[in-house]
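Protein sequence lines, in the order shown, are assigned to chains V and E. Counting from 0, one number per residue, gives the positions in the first sequence under numbering that gives the first Met the number 0. Counting from 0, one number per residue, gives the positions in the second sequence under numbering that gives the first Met the number 0.
The hints are simulated quantities; they were obtained by calculation from the structure and are not laboratory data. Model, not experiment: these values are computed from the prediction. Here a beta-carbon is modelled for each residue, glycine too, at the ideal position from N, C-alpha and C. Errors might be hidden in some of the hints.
Stated by the list, open to error - Ranges between beta-carbon positions, derived for each pair:
no.: 1; chain 1: V; residue 1: 116; chain 2: E; residue 2: 251; range: 49 to 57 Å
no.: 2; chain 1: V; residue 1: 125; chain 2: E; residue 2: 30; range: 54 to 62 Å
no.: 3; chain 1: E; residue 1: 398; chain 2: V; residue 2: 28; range: 30 to 38 Å
no.: 4; chain 1: E; residue 1: 342; chain 2: V; residue 2: 117; range: 34 to 42 Å
no.: 5; chain 1: V; residue 1: 123; chain 2: E; residue 2: 50; range: 15 to 23 Å
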Amino acid sequence: MTASSSSEKEKEVPEYMLIALSQSEAPSDMEITPEMIQAVIQKYNDWAEKLQREGRLKGINKLCDGTGRVLRGFGESQVVTDGPYAETKEVIGGYWIVEAANYDEAVALSRDCPQLEFGGSIEVREVEDLSKLGG
Amino acid sequence: MDTDTKIDGLVDHLFRHQAGRMVSTLTRIFGPHRIDLAEEVVQDALLRALQVWPFRGLPENPVGWLIEVAKNRALDALRREASFQSKSEEIIRAFTPAAQRQGQLLDDELSMMFMACHPAISREGRVALTLKTVGGFGVSEIARAFLAREATIAQRLVRAKRQIRDERIQFELPSDADISARMDSVLEVIYLLFNEGYAAHRGENLVRKDLCQEAIRLCEMLVRHSATDRPKCHALLALMLFQAARLSARVGEGGDLFLLEEQDRALWDTRLIHRGLHHLDCCAEGDEMTEYHLQAGIAACHVAAESYERTDWPRIVELYDRLWELNPSPVVALNRAVALSRWRGPEAGIAAMEQIASHPAMNHYYLLPATMGELWSEMGERGKAAECFRQALECSCSEPERRFLLRKLETTTIQ
Chain V
0 MTASSSSEKE KEVPEYMLIA LSQSEAPSDM EITPEMIQAV IQKYNDWAEK LQREGRLKGI
60 NKLCDGTGRV LRGFGESQVV TDGPYAETKE VIGGYWIVEA ANYDEAVALS RDCPQLEFGG
120 SIEVREVEDL SKLGG
Chain E
0 MDTDTKIDGL VDHLFRHQAG RMVSTLTRIF GPHRIDLAEE VVQDALLRAL QVWPFRGLPE
60 NPVGWLIEVA KNRALDALRR EASFQSKSEE IIRAFTPAAQ RQGQLLDDEL SMMFMACHPA
120 ISREGRVALT LKTVGGFGVS EIARAFLARE ATIAQRLVRA KRQIRDERIQ FELPSDADIS
180 ARMDSVLEVI YLLFNEGYAA HRGENLVRKD LCQEAIRLCE MLVRHSATDR PKCHALLALM
240 LFQAARLSAR VGEGGDLFLL EEQDRALWDT RLIHRGLHHL DCCAEGDEMT EYHLQAGIAA
300 CHVAAESYER TDWPRIVELY DRLWELNPSP VVALNRAVAL SRWRGPEAGI AAMEQIASHP
360 AMNHYYLLPA TMGELWSEMG ERGKAAECFR QALECSCSEP ERRFLLRKLE TTTIQ
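Make the full structure from the sequences, and use the hints.
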């Protein structure tokens, strides 16, 4: 899957990346029951299915949990640390790429994402269409 | 993810049921003293699905996915142990989709049920452990279903697991010689689950409705296996199906209770009634007559009746007489008196009720004065009826039951 999948289409609908952010640590010792797990998954599924029915879902990816490296500095002062966890409380769990006319529409699509219901946040970023700039 | 794949929803309670199956199989392999480890491994696998599925969609075969992940987690859990070699072979054998479809799976679930319902464990412990392990319920859900504190349920589970270790209760189906007695303990737990869900069935508390469904599911497992397929299991199953068929007609929109007499029979679930009738046939085999048989027979009379008036009351009175022989409880006598009043008239009913009114168990039992109030008002004795409804309101009862009694009191006192 590639981010810019507009090759076959000429109408150039902008694409937005919805980045799913969650707390890096489990918020509490609340019990997570099998029934709750199923309900959450079902919600994500219903949400993505709706986007897909509308033909808006262009890509989806999950990043590996508990791994990652962060590089800082250059040359001799360069430091590589494990994961983004030490520095930030929120980690990226994955992302969706959707088609939307503008930011308002992209935000509207994100509003009922279960990510928000379960304490996470979503960063919405437009994917820049570099083909336009080049031509 | 292939965004062209059709995404289907998940089967209801898939995670709960799959958790129960995997915990059962792992408990067999790990040993009864390590239920905790089995539960941990399964929980890990389910949490993995929670992390992955939102970002990949549902796998084509969700159960197969969960089994595969649980298998790997189980192997990891045992890797450092001396018995790893033999156990890992067992795990790999058990955790394939094909093996999960075969009889061994049902063996595991039933063995777990018999272990959790062992008579050496307290009744409360049996109920909690069965729901937690075979049912896949969480502690918080069990607490909500039984209106208990989570800490209380957690404690019962710890105690039950300790009893399994201390008493060396085995993970196995009881032998032919033992199975009938051990079965009684299992059926008791199942019926308790059902009644708990049935008694306070209210829309706002879905988990209690789940109890009824779960009780039926567990009983269906028993009749599916040749070692546990006994007439009394069919009897209990028939009874629960008949009662479940009337569930939605029993409670109104606002949570008000409707008596059998007031229920819209068109709302009864005919599919459940047919299933119940099938199991009623099956329970007639053999010569054991249990309370479940008689109660199922009574429930069948009700669901077979076209209307309240055209119910076969003489037959019901006869069944209550036989039930009284097995269980001479005042509650049975009260129900018999109601049936008698429908057959022979309200005077006969009141006379029968007066005989049990002094029984200590009937003290503060709202149903006795409530029913007598009904009968007095049928006879036009409004003063006596109102007196009975007031007495009933002094007993403890649920909120819908209270509203029901107030409604009755109002109609008897309106001029």
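Hint check results:
Against the hinted window of 49 to 57 Å, the Cβ-Cβ separation of residue 116 of chain V and residue 251 of chain E comes to about 32 Å, which falls outside the hint. The hinted window of 54 to 62 Å between residue 125 of chain V and residue 30 of chain E holds, with their beta carbons roughly 57 Å apart. Against the hinted window of 30 to 38 Å, the Cβ-Cβ separation of residue 398 of chain E and residue 28 of chain V comes to about 33 Å, which satisfies the hint. Between residue 342 of chain E and residue 117 of chain V, the C-beta spacing of about 58 Å breaks the proposed range 34 to 42 Å.
For the hinted restraint 15 to 23 Å between residue 123 of chain V and residue 50 of chain E, the CB-CB distance of approximately 22 Å keeps it satisfied.
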